[in-house]
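Student: Given next are the chains, with one letter for each unit.
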Amino acid sequence: MDDYFKGKLEGEVQSELQDHLMACTKCQANLLVIKSLKEMASEEVSRYTENPFFASRVLSRIEAQKVSKYIDIKTRLIGYATIAAAVIIGLFVGGQLGTLGTKVISTNTNAEMLAEEYIPSSTESIYEYDFEEVENLNNK
Amino acid sequence: MDEKELIQQVIQHSNHQAFGILVDRYSKMVITTCMGFIGNYHDAEDIAQDVFVELYESLPEFRSESKLSTWIYRIAVNKSLNFLRRKKKETFLQSIVGDKRKGKAEQTLDGIVGNQYSDVNIEYKEQHKLLRDAMSMLPENQRIALVLSTYHELSYKEIAEVMDTSVSSVESLLFRAKNNLRKIMVKSKS
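Heads up: the sequence lines are chains W and B, in that order. Quick note: the first sequence uses my numbering, first residue 1, plus one each step. Quick note: the second sequence uses my numbering, first residue 1, plus one each step.
Rather than coming from a laboratory, the hints here were simulated on the basis of the structure. Some clues are possibly wrong.
[Claimed, not checked] Derived pair list, reagent style DSS-like, types lysine-lysine, alpha-carbon separation capped at 30 Å:
hint : chain 1 : residue 1 : chain 2 : residue 2
1    : W       : K69       : B       : K4
2    : W       : K69       : B       : K87
3    : W       : K35       : B       : K4
4    : B       : K28       : W       : K38
5    : W       : K8        : B       : K125
6    : B       : K28       : B       : K67
7    : B       : K129      : W       : K8
8    : W       : K8        : B       : K183
9    : W       : K66       : B       : K4
10   : B       : K88       : W       : K6
11   : W       : K38       : B       : K88
12   : B       : K87       : W       : K38
13   : W       : K8        : B       : K157
[Unchecked claim] Some chain W residues judged to face chain B by a derived CB distance under 8 Å, without partners named:
hint : residue
14   : I34
15   : K35
16   : M40
17   : E44
18   : Y48
19   : N51
20   : R57
21   : L59
22   : R61
23   : I62
[What the hints assert, rightly or not] Under 8 Å between C-beta atoms, here's a sample of chain B residues computed to sit facing chain W:
hint : residue
24   : H13
25   : H16
26   : G20
27   : V23
28   : D24
29   : K28
30   : T32
31   : F52
32   : Y56
33   : T150
34   : L154
35   : K178
Beta carbons are placed, not taken as given, at the ideal position from N, Cα and C, and that holds for glycine.
All chains, please: the whole structure from these sequences, using the hints.
Tutor: This is the structure we're talking about:
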């Protein structure tokens, strides 16, 4: 059908196809589709007018993309460096604070003792009472 | 300067002037291919710019075993199909949310573009619109084969190279594409 439309068929083949086309509505519709497609394509292609700035626009986009890639890499590197610096500073400060805390605890051992465990030396525990002595006193 | 020399200049020396010559040589081919898929000159030109930017980046990977035009056709087809997929998604989402994002200026521009060809035979225009709508309903492979065959009259062999398939597959794709177009158009007319 394409060849018929392009005028490539000749002689007997062409006349046979023409006879068929006269009788077959399906092939008539197919031919119409091919014709419409070709018309649409050639109309759209002919409407195309060359843009004299097209190439320069493409080139400036390529240039802009290069610059933005460079900036992107630079920004990323600065970001990574900032994070690394923050981590190092954090570790250093944390280390310093940790050492300071240990020193405080080691100089004041009483601070580690719980309040309920603490019994002043002047107070007697109830477990230390001499019950016999108390009974004797009562009998008297 | 022949094509191979231009390519070497771009790859080895990032020669923009040489690439500019390549752009000039292939811009019509790329823009009309994109038009075949999209049917809108402004979008087609934007996509064509993307095509050339990608060509510039991918040129070092290009092997001279195949033709440069085949390589460019491939990029143009992929970019156009990606654009259509994105547009389809946006249209679908806008149909749910409502077209609130469209500004007044854009609506005015649509009006101007819409009226631009009002003097063209309306029936002719409607026939094209019908055909374009029918084309958008075709499966992607059939659409690619149809656009390359209709807009650039590429041979089955050339289409097969662009689509990375066999000549017989292209024949079958084109046959089915035309049959499907006929069916869709008959259905939409009735």
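Student: Hints the structure violates: just list their numbers, smallest first.
Tutor: Violated hints: 3, 10, 15, 24 and 34; rest satisfied.
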